[in-house]
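Peer 1: So you can see what is in the structure, the chains are spelled out below.
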Amino acid sequence: MNKTVNQKAWFLVLPVLVLVAFSAVIPLMTVVNYSVQDTFGNNQFFWNGIGWFKDMLEEERMWNALWRQLTFSAIILAIEIPLGIYVALNMPKKGFWASFCLVLMSLPLLIPWNVVGTIWQIFGRVDIGLLGYTLDKLGISYNYTQDIVAAWVTVIVMDVWHWTSLVALLAYAGLQSIPDAYYQAAKIDQASRWKVFRYIELPKMAGVLMIAILLRFMDSFMIYTEPFVVTGGGPGNATTFLSIDLVKMALGQFDLGPAAAFSIMYFLVILLISWVFYTVMTNLDKRDGV
Amino acid sequence: MAKITLDNLAHSYLPSPTSEDDFALKELNHDWVDGEAYALLGASGCGKSTLLNIISGLLHPSQGRILFNDHDVTHAPTAERNIAQVFQFPVVYDTMTVRDNLAFPLRNRGADPAYVAERVNQIAKMIGMEEELNRKARGLTADAKQKISLGRGMVREDVNALLFDEPLTVIDPHMKWELRTQLKSLHHEFGHTMIYVTHDQTEALTFADKVVVMYDGRVVQIGTPQELFERPAHTFVGYFIGSPGMNLFDAEIDGAVARIAGVKVPLGAGYAATGGKLQVGVRPEFIKLSSGDAGVPARITRVEDVGRHKIVRLDVGGHEISAIAGEDDNIAADAQKITFDPQGINVYADDWRLSPEGEAA
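Protein chains in written order, with the numbering used here: chain A, 1 to 290; chain B, 291 to 651.
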């Protein structure tokens with residue numbers, strides 16, 4: 001087939017190019033610009049090469065935030081993915097209750113992030129919060145502003161509450177695509193419930209679960225608003241995740257250079273982990289036993 | 291292996307059926323004889339799959355009982371019934387190898403590994419997939435997947451019955467013959483009770499000892515292929531089996547003579563007078579064209595040569611009628627009458643066949 005060559009067609013791509021340039025490329029380049037320069041005010045900048053990057057790599061503060069971040073992402077993935085699958089498996093397949101559950105499940109996803117934070121901040125307060133007050137009356141020591149464990153538990157439970165629905169909805173969509181004949185065949189073959197899950201449901205959900213894990217990983221790795229509203233990164237630095245630390249550094253201390261270097265590395269880490277994850281998952285998917 | 295008895299069985303998908311029209315499967319009493327091969331034939335939506343799913347326990351009937359060897363299993367789960375069923379669309383376990391797929395039903399029942407290995411090889415040979423045993427089932431063609439499904443259905447030797455729900459729909463034509471032949475030889479070898487649902491008459495007639503024809507949720511006739519051809523019990527059977535189907539003429543019946551479009555046509559036997567809408571059914575094979583004066587007037591509209599024979603389309607009083615002429619017969623241009631072989635005529639009242647006098651009803 002002969003392809004029509006029309007170089008003017010490139011103009012059709014122009015709006016997207018402009019949009020992406022303004023929304024992503026140019027801001028990113030300013031960050032790159034800051035990361036290689038130093039300033040003493042007055043809008044005077046000096047070339048600093050990779051100095052800030054070196055500094056940041058030696059900075060214990062960044063490594064601590066990174067470990068906290070990785071721990072947090074690992075914990076919420078370990079909870080939300082199985083829990084989401086479990087919820088999806090137990091949701092009604094059709095009828096009024098199916099729609100009802102879907103709407104109910106979507107609710108947390110529709111709430112703005114800082115509102116979620118505020119809800120849990122109040123919910124957990126010992127003096128007026130339903131949760132905090134109840135726990136206190138039950139004699140359980142719970143104070144997320146002073147106790148590290150309580151702070152972590154609050155932030156994690158809040159994230160699970162907020163995002164498990166997303167995993168459940170995706171898993172549910174995967175489950176809905178399984179024809180009845182599969183379950184019937186499994187019954188005929190006398191497969192146990194576990195085998196039905198392992199050999200029918202899980203393979204059929206694999207695609208959407210991959211997306212769910214990727215989304216949840218990226219989101220949790222960049223989490224800022226909710227823990228900031230609830231704990232403000234405390235007690236001490238116990239829940240200071242990467243973004244919170246970054247914002248403290250960039251806007252609190254106005255260390256633009258180190259913060260820019262930091263955020264570029266942060267960006268690369270997310271990119272790297274997502275890429276590794278995606279590659280591994282797609283390869284697992286394609287592996288044929290020929 | 292078992293004899294399967296259906297006792298007053300009926301099923302409706304509605305929670306509280308009121309009229310007979312609400313039933314997808316109308317009341318049915320039937321014994322499936324142990325070791326016979328049955329074909330369940332009917333148009334889509336006539337209740338074939340419903341009946342099959344009730345037998346395998348995937349559906350619970352609204353009324354009536356099912357007995358396996360006179361033992362009531364109406365409320366027994368599928369697992370207890372020990373039935374194998376193959377579905378219309380291939381069901382394979384994607385992440386397993388072909389071998390594991392075939393072994394799955396045996397392993398689930400805790401069979402001895404040595405036996406499983408041997409049996410799987412046997413089945414793989416039967417479906418022609420020995421080469422692919424160690425391959426993952428994912429990415430195989432629909433053909434191959436359906437062969438695996440068939441293989442999984444046949445892998446257990448001790449099943450009470452083997453049920454097939456239009457299993458060859460997705461298979462290539464040449465492979466269809468091969469698999470059907472294998473199913474038949476399997477039936478001869480092991481003597482399982484087999485029920486084979488299809489809407490393809492060739493498939494039904496070549497596969498089964500007995501064909502069960504269903505129409506609108508009702509079993510209209512159970513018989514050998516020959517019975518279905520010669521004595522269709524219902525106009526639907528006449529129409530559905532045969533290519534082209536049986537011709538129907540509105541008629542008046544007077545003893546052993548029918549009057550079609552004002553012309554007297556002799557019948558093979560006498561009929562007692564009855565009410566209802568009377569029709570005579572004649573298969574195209576029993577209609578002859580004639581240039582003479584005797585017979586029912588007809589006008590040739592089209593002749594189709596299908597290779598083995600010719601199909602002559604005729605217009606009789608505004609109705610389209612088909613006749614079959616031999617491949618070497620010349621179709622006379624002046625043919626304007628049709629005559630019938632009296633032995634090939636059946637008489638129907640309100641779509642059901644009337645028994646002629648002297649034939650056991």
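Since the hints were made in silico from the structure, they are not lab data. Every residue, glycine too, gets a C-beta built ideally from N, C-alpha and C. There could be a bad hint or two in this list.
To be verified - Some, not all, of what chain B presents toward chain A, calculated at C-beta under 10 angstroms: (1) 368; (2) 372; (3) 381; (4) 385; (5) 386; (6) 605.
Peer 1: State the violated hints by number, sorted upward, taking the hints as numbered earlier in the document.
Peer 2: Those not satisfied come down to hint 6.
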